[in-house]
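Trainee: I would like the entire structure built from these sequences, with the hints used as guidance.
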Amino acid sequence: MRHIIAVLLENEAGALSRVAGLFSARGYNIESLTVAPTDDPTLSRMTLVTTGNDDIVEQIKKQLNKLVDTVKLLDLCEGPHIEREMMLVKVRAERRDREELKRLVDIFRAKIIDVTDTSYVIELTGATHKLDAFIDTVAEELIIEVVRSGPTGISRGEKGLTI
Amino acid sequence: MTLSVEPDEMGADAAEGPSGPLLSGGEIVVQALADEGVECVFGYPGGAVLHIYDALFRHGALRHILVRHEQAAAHAADGYSRATGKCGVCLVTSGPGATNVVTGIATAYMDSIPMVVLTGQVPTPVIGSDAFQEVDTVGITRPCVKHNFLVKDVNELALTIRKAFYIATSGRPGPVVVDIPKDVTDPGIKVPYAYPREVRMRSYSPIEKGHSGQIRRAVELMRAAKRPVFYTGGGVVLGEASGQLTELVRESGFPITSTLMGLGAYPTSDRQFLGMLGMHGTYEANMAMHETDVLIAIGARFDDRVTGKIEHFCPNAKIIHVDVDPSSISKNVKVDVPIVGQVGKVLEEMLRLYREQPAVSGTDTALAAWWEQIAQWRALDCLQYDRTSSTIKPQFAIETLHKVTKGDLYLTSDVGQHQMFAAQFYGFDKPRRWINSGGLGTMGFGLPAAIGVQLGHPDAQVACVSGEASILMCIQELATCMQYGLPIKVILLNNGYMGMVRQWQEFFYDGRYAHSYVDAVPDFVKLAESFGHVGMRVERPEELESAMQEAFAMTDRFVFLDVVVDPTENVYPMIAAGKGQHEMQLSPSLSDRELA
Ligand SMILES: Cc1cc2nc3c(=O)[nH]c(=O)nc-3n(C[C@H](O)[C@H](O)[C@H](O)COP(=O)(O)OP(=O)(O)OC[C@H]3O[C@@H](n4cnc5c(N)ncnc54)[C@H](O)[C@@H]3O)c2cc1C
Ligand SMILES: Cc1ncc(C[n+]2csc(CCOP(=O)(O)OP(=O)(O)O)c2C)c(N)n1
Ligand SMILES: [Mg+2]
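Residue numbers (the UniProt record's numbering), protein chains in the order written: chain A, 1 to 163; chain B, 1 to 596.
Mixed in with the good hints there might be a few duds.
Said to hold, decoys possible - Restricting the straight-line Cα-Cα distance to at most 16 Å, the calculated cross-link-like pairs of lysine to aspartate or glutamate (EDC-like) are:
(1) B:Lys331 <-> A:Asp54
(2) A:Lys72 <-> A:Glu12
(3) A:Lys66 <-> B:Glu208
(4) A:Lys90 <-> A:Glu58
(5) B:Lys334 <-> A:Asp136
(6) B:Lys345 <-> B:Asp325
(7) A:Lys61 <-> A:Asp75
(8) B:Lys331 <-> A:Glu58
(9) B:Lys393 <-> B:Glu545
(10) B:Lys334 <-> A:Asp55
(11) B:Lys334 <-> A:Asp54
(12) A:Lys66 <-> B:Asp325
(13) A:Lys62 <-> B:Asp325
(14) A:Lys61 <-> B:Asp325
(15) A:Lys111 <-> A:Glu99
(16) B:Lys309 <-> B:Glu545
(17) B:Lys331 <-> A:Glu100
(18) B:Lys152 <-> A:Glu83
No lab work stands behind these hints: they were computed from the structure.
Mentor: Structure representation (structure tokens):
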């Protein structure tokens, strides 16, 4: 099963490589990883997407917690949560395709953030499956480049992953 | 910011700063070790640590042991720690010094040994430029340390060293590396020094007490058990919980078996002790594991050398597991009652609750029947060997060693058959007496580890059991033993083969002995003598005891005893890879017999 794990880490040099090293050393799957400092500059927040059966994911969480730099950790999939990923897509946009693409952008509530005579850059935010759906909908030959941030997420309700 | 002082003031007595004396980084390293209560540092100098060595020279009160290879510095610090329970410390230079120490760090890491390793690094301005003797020490050691630090600011040095000791020795212990660039130890830059007494880290807080509800559940299972077994490991030694363990085992009357790493935590000569379990464990221990209905695992990590094929592991048992590291629990084997906590504290609470809980009726007779079953397994005498042999059997050599030393050794070992024979035949009635590399299985560990042990216990009898292949891996340490007058005894079980490898080739490769014959073996007697030690050789069983007596009578000399043993003896019982715990291969004299 797919899990989204949010980790608060000490914002120390090397903290990221400890996490990356852990996954490669122990042979765990890692689909994506995003990281940035939080409002408290001494802390970084990392969002990891991984897959594995319950036993493996349990071990992954234990091993992450064991890292001396890990302050706190939450498996977002254990409760109601919101998942968001940002995607930038550069597409060929000429003649009739321009209208068609604009219609798709409206349907998906995306934004066109760069326009030239022959191309658009489209920005789209949403859960991973929504981004996948958008890519599936756009004709393949129009796509020049796709950039995805990897998912990040937050739990619903008033409780937060803070210290 | 840093306060700088003219170089010609370096030697002057430390001036007082706003919050303590003004010290250079080099002086801080030495003073911090002294303030930490460190008695000796195992090390080897080089460019990147010369400021630290200079500070060491001028401090004068901190003992430094000069090894002959950095790998040995780590093993010696490790052996010191295993024998004393204190944190081992080593100090090496950058580049090759740091890479040489990696095997020793990994060895300590696999066996959860507390150690602080100080490595020199190139100056901060040139880090990343492929400077002379630069390696990414933090990167290289990351997967085999509990934690590591690169100190870039002399103002952080004292706190970082304090943190390193705290992390290394708390929770599940392990090695911590502190990488110190040369400019951080610059004698010309002095900063106020105060050694922090306490350190708190929001990201690191090891669990102490076990969950009471879980402990209660465990005790209920124990009280209702019909065929219980304690399975204990290195965690009991590391957690200094032999006393509590012994009390609980005696109170319950249950049988107990131990891993290689836990030997001595419970007296191996006691009737309730079934011997070691696992790949080369006893028949009775492994059969009891296979048949048990309640397994009480304490400070053991369900290693593959213990479980055999997981599908066959303890098929009928409810499993209780006490461990300070949550990631040890249900890692290889799913357990029913996990208890995370310090083994000593958990055992105390277990004992209290066990005494409070009434015995379940019928369990008395069940336990008696269980002991009867165990007695039958024991009667097989699975460790028997040919005592009439005209060559020295390695088992006989270890039994004789026990007799001559009255079981009162600190015994280190290298890796191979000799290690297993020592584990099976010496017998350890106290913790911290049996010192070997279990998790990594590092050949070359034994001799340098013995150096650390002897320095930790200057008046104790220390011996190292080794093989003719293993001993050569750190043989240079004979010089260290000479320099410091360490009266260690090496008992070399010289079978002319990498015996453990030869055994596997005999069993699993149809006797194709690819490169396991140890050719060009040196004359160890002369070798020892050339280092200034006493060398002796024995070839006949009837001469062995008196030779050992003679060796141990030389209480102020290092003696290298080359014992020529049967070249083809194998270690039995053995659970082959992929087999279950009950599917042991027994010694040829037994395997033809009908098993009960
Ligand atoms: C040639 C060879 C053959 C071997 N054959 C065997 C064999 O037949 N049988 C065998 O048993 N081993 C054998 N080994 C050793 C084996 O590889 C493992 O090292 C060993 O089984 C692990 O022992 P352990 O489970 O006690 O764990 P250790 O490595 O000692 O780990 C200790 C456990 O206790 C926990 N712990 C630490 N401190 C505390 C504390 N204060 N409180 C609570 N928990 C704590 C740790 O988290 C860890 O889980 C062999 C090794 C070699 C080299
Ligand atoms: C550094 C290292 N290299 C290789 C091995 C693999 N190995 C395990 S036991 C062994 C043979 C040891 O031979 P010896 O020291 O003579 O001991 P014996 O088994 O003969 O008692 C080898 C090569 C190891 N454990 N460590
Ligand atoms: Mg040998």
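Trainee: For each hint, tell me whether it holds in the structure or not.
Mentor: Structure-based check of all given hints:
no.	hint	result
1	B:Lys331 <-> A:Asp54	holds (12 Å)
2	A:Lys72 <-> A:Glu12	holds (15 Å)
3	A:Lys66 <-> B:Glu208	holds (15 Å)
4	A:Lys90 <-> A:Glu58	violated (39 Å)
5	B:Lys334 <-> A:Asp136	violated (42 Å)
6	B:Lys345 <-> B:Asp325	holds (14 Å)
7	A:Lys61 <-> A:Asp75	holds (8 Å)
8	B:Lys331 <-> A:Glu58	holds (9 Å)
9	B:Lys393 <-> B:Glu545	holds (13 Å)
10	B:Lys334 <-> A:Asp55	holds (9 Å)
11	B:Lys334 <-> A:Asp54	holds (12 Å)
12	A:Lys66 <-> B:Asp325	holds (8 Å)
13	A:Lys62 <-> B:Asp325	holds (9 Å)
14	A:Lys61 <-> B:Asp325	holds (13 Å)
15	A:Lys111 <-> A:Glu99	holds (14 Å)
16	B:Lys309 <-> B:Glu545	violated (41 Å)
17	B:Lys331 <-> A:Glu100	violated (53 Å)
18	B:Lys152 <-> A:Glu83	violated (38 Å)
When held up to the earlier numbered hints, the structure conflicts with 4, 5, 16, 17 and 18 and fits the remainder.
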